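Chemist: Listed here are the chains, written in short residue letters.
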Amino acid sequence: MSRRYDTRTTIFSPEGRLYQVEYAMEAIGNAGSAIGILAKDGVVLVGEKKVISKLLETSTSVEKMYKIDDHVACAVAGIMSDAHILINTARLQAQRYTFAYQEPMPLEQLVQCLCDTKQGYTQYGGLRPFGVSFLFAGWDKNYGFQLYMSDPSGNFSGWKAAAIGANNQAAQSILKQDYKDDITREEAAQLAIKVLSKTMDSTSLNSEKLELAEIFLAAGTVKFQMCPSDKLNKMLVKSGLTQPSADA
Amino acid sequence: MESVFGLVGKDFAIVVADSSAVHSILVHKTNEDKIMLLDSHKLMGASGETGDRAQFTEYVQKNVALYQFRNGIPLTTAATANFTRGELATALRKNPYMVNIILAGYDKDVGPSLYFIDYIASLHKVDKAAFGYGSYFALSMMDRHYRRDMTVEEAIELVDKIISEIRSRLVVAPPNFLIKIVDKDGARQYAWRESIKDAPVAAA
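Those protein sequences? They're chains Y and W, same order as listed.
The first sequence begins at 1 in UniProt numbering and counts up by one.
The second sequence begins at 1 in UniProt numbering and counts up by one.
It should be emphasised that the hints constitute simulated quantities derived from the structure, not laboratory data.
Treat the hints loosely; a few may be bogus.
Stated by the list, open to error - With a cut-off of at most 27 Å between alpha-carbon atoms, the simulated BS3-like pairs for lysine-lysine come out as follows:
id, chain 1, residue 1, chain 2, residue 2
1, W, 10, Y, 141
2, Y, 198, Y, 209
3, Y, 141, W, 161
4, W, 10, Y, 40
5, Y, 234, Y, 198
6, W, 62, Y, 223
7, Y, 141, W, 108
8, Y, 176, Y, 238
9, Y, 194, Y, 176
10, W, 184, Y, 141
11, Y, 54, Y, 223
12, W, 10, W, 161
13, Y, 40, Y, 194
14, W, 108, Y, 223
15, Y, 50, Y, 194
16, Y, 223, Y, 238
17, Y, 209, Y, 223
18, Y, 209, Y, 231
19, Y, 180, Y, 54
20, Y, 141, Y, 180
21, Y, 209, Y, 234
Computed from a prediction, not measured in an experiment: that's the story for all the values here.
Kindly generate the complete structure, drawing on both the sequences and the hints.
Modeler: Here it is as structure tokens:
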């Protein structure tokens with residue numbers, strides 16, 4: 001019966017659901033997961049890489065993390081090509097704001113702007129929604145470090161810790177138990193990796209399957225840093241999630 | 001010709017504008033308010049084409065209000081100044097606004113600030129600024145007497161010196177001036193300086 005109400009985004013079902021939006025979220029549920037954790041001195045984003053091949057040029061390609069502006073970055077989960085369009089929109093919005101006001105765009109406004117775009121695709125135009133969820137992380141002078149999660153419906157909220165993508169509900173409940181309000185950036189990175197290792201499908205964990213990024217303040221400017229793979233490996237060994245390699 | 005000038009003090013900023021509304025040889029009124037309150041902590045003194053002045057300052061005021069409603073936080077003075085300049089710049093090569101603006105504001109983290117924005121969309125952050133024929137006298141007086149971190153009393157003393165200079169030296173000098181101030185407690189009217197009061201009108 002629901003078949004009648006699910007082929008177009010622009011109609012509600014009799015139960016008041018938007019099936020296309022829900023199906024978009026299904027698509028994301030099959031994609032590589034990402035976790036974000038807000039620490040008192042920064043924000044940590046961790047992503048699970050689904051595309052693993054020896055032939056992949058790992059030094060130049062980044063799968064999960066993208067810088068939107070100097071003070072904002074995001075992790076994605078879902079259809080990568082959809083994500084790219086939205087990331088470009090976000091980058092444009094951020095620059096437009098800075099062009100008008102000569103100040104960095106406050107994080108909440110940037111996320112709101114992007115979500116307004118996403119909402120449009122659930123109400124008019126006859127186009128399908130974007131099959132991406134985002135974790136936005138950054139710093140602004142109004143509210144300091146912040147973490148936001150948004151989904152295909154165009155809803156978003158601020159989080160202390162959040163997970164998107166495959167097994168995000170399991171990850172979210174582990175985060176609920178283990179998150180402390182005054183967690184440091186280093187502890188947050190350890191926690192994020194630990195949670196991801198529990199919810200990821202693969203049996204062994206190494207730096208090739210993960211991406212880790214941190215946002216923090218250094219000398220008054222916001223820094224976005226991707227963790228290099230040797231440092232990531234060290235962290236994994238330290239948490240006991242990987243066996244140290246034989247020649248260490 | 002209209003005079004607007006402003007200066008930054010220790011933890012406040014002052015904007016002064018004449019209050020005559022003139023149309024050719026006729027003085028419509030002598031108590032026109034040309035300094036708009038943009039929000040609780042910002043003042044925008046404007047001079048130029050009367051219609052453009054009213055239209056443009058109200059446009060900026062409403063956009064400042066809209067930003068606050070939408071985002072829950074006020075615009076900083078710097079952001080407001082850049083927004084204003086951007087609007088003037090966009091209109092410049094099509095349908096320019098003939099308005100010169102002195103924007104004063106107080107931000108908690110920055111303190112008082114003053115911005116000079118002219119009708120062809122230049123923007124300068126300054127300690128003192130002036131527009132109009134009165135600017136010849138205002139800027140010279142301020143160059144001579146202005147110091148950083150003046151108290152309100154010292155600043156008003158300088159303002160009065162400037163007004164006195166404009167009144168005595170400008171051939172068609174505006175008779176009345178309005179002084180507004182902005183500090184940590186907000187933006188508000190400080191005083192009138194009237195040399196011509198409208199004749200009292202008998203009630204019916």
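Chemist: None of the hints should be skipped; say for each whether it holds.
Modeler: Evaluated hints:
With a CA separation close to 24 Å, the supplied pair residue 10/W and residue 141/Y stays within the 27 Å bound. Using a Cα cut-off of 27 Å, the hinted pair residue 198/Y and residue 209/Y holds, with the two alpha carbons roughly 14 Å apart. A threshold of 27 Å between alpha carbons decides the hint, and for residue 141/Y with residue 161/W the separation of about 40 Å lies outside it, so the pair is violated. The hinted pair formed by residue 10/W and residue 40/Y fails the criterion: a straight-line CA distance of about 35 Å is larger than 27 Å.
Our distance criterion of 27 Å between C-alpha atoms is met by residue 234/Y and residue 198/Y, whose separation comes to about 18 Å. For a cut-off of 27 Å, the pair hint linking residue 62/W to residue 223/Y is broken: about 35 Å separates their Cα positions. For the hint pairing residue 141/Y with residue 108/W, the CA-to-CA distance comes to about 12 Å; that is within 27 Å, so the pair holds. Distance check on the hinted pair: residue 176/Y and residue 238/Y sit about 23 Å apart at the alpha-carbon level, within 27 Å; holds.
Taking the CA atoms of residue 194/Y and residue 176/Y, the gap is about 13 Å. The hint holds against a cut of 27 Å. Our distance criterion of 27 Å between C-alpha atoms is met by residue 184/W and residue 141/Y, whose separation comes to about 19 Å. Of the pairs offered as hints, the one joining residue 54/Y and residue 223/Y is violated, with about 30 Å between alpha carbons and a cut-off of 27 Å exceeded. About 19 Å separates the Cα atoms of residue 10/W and residue 161/W, which keeps this hinted pair within 27 Å; it holds.
Taking the CA atoms of residue 40/Y and residue 194/Y, the gap is about 19 Å. The hint holds against a cut of 27 Å. With a C-alpha separation of about 25 Å, the suggested pairing of residue 108/W with residue 223/Y holds against the 27 Å cut-off. A hinted pair counts as satisfied when its Cα atoms are at most 27 Å apart, and residue 50/Y with residue 194/Y qualifies at roughly 18 Å. Between residue 223/Y and residue 238/Y the CA atoms are separated by roughly 25 Å; this keeps the pair inside 27 Å, and the hint holds.
Between residue 209/Y and residue 223/Y the alpha-carbon distance is near 23 Å, which keeps this suggested pair within the 27 Å criterion. Proposed proximity of residue 209/Y and residue 231/Y is supported: the alpha carbons are some 14 Å apart, at most 27 Å. With a C-alpha separation of about 38 Å, the suggested pair residue 180/Y and residue 54/Y falls outside the 27 Å cut-off, and the hint is violated. In summary, the hint linking residue 141/Y to residue 180/Y is supported, as the alpha carbons are separated by about 23 Å, within the 27 Å threshold.
A distance of roughly 14 Å separates the Cα atoms of residue 209/Y and residue 234/Y; the hinted pair therefore holds under the 27 Å criterion.
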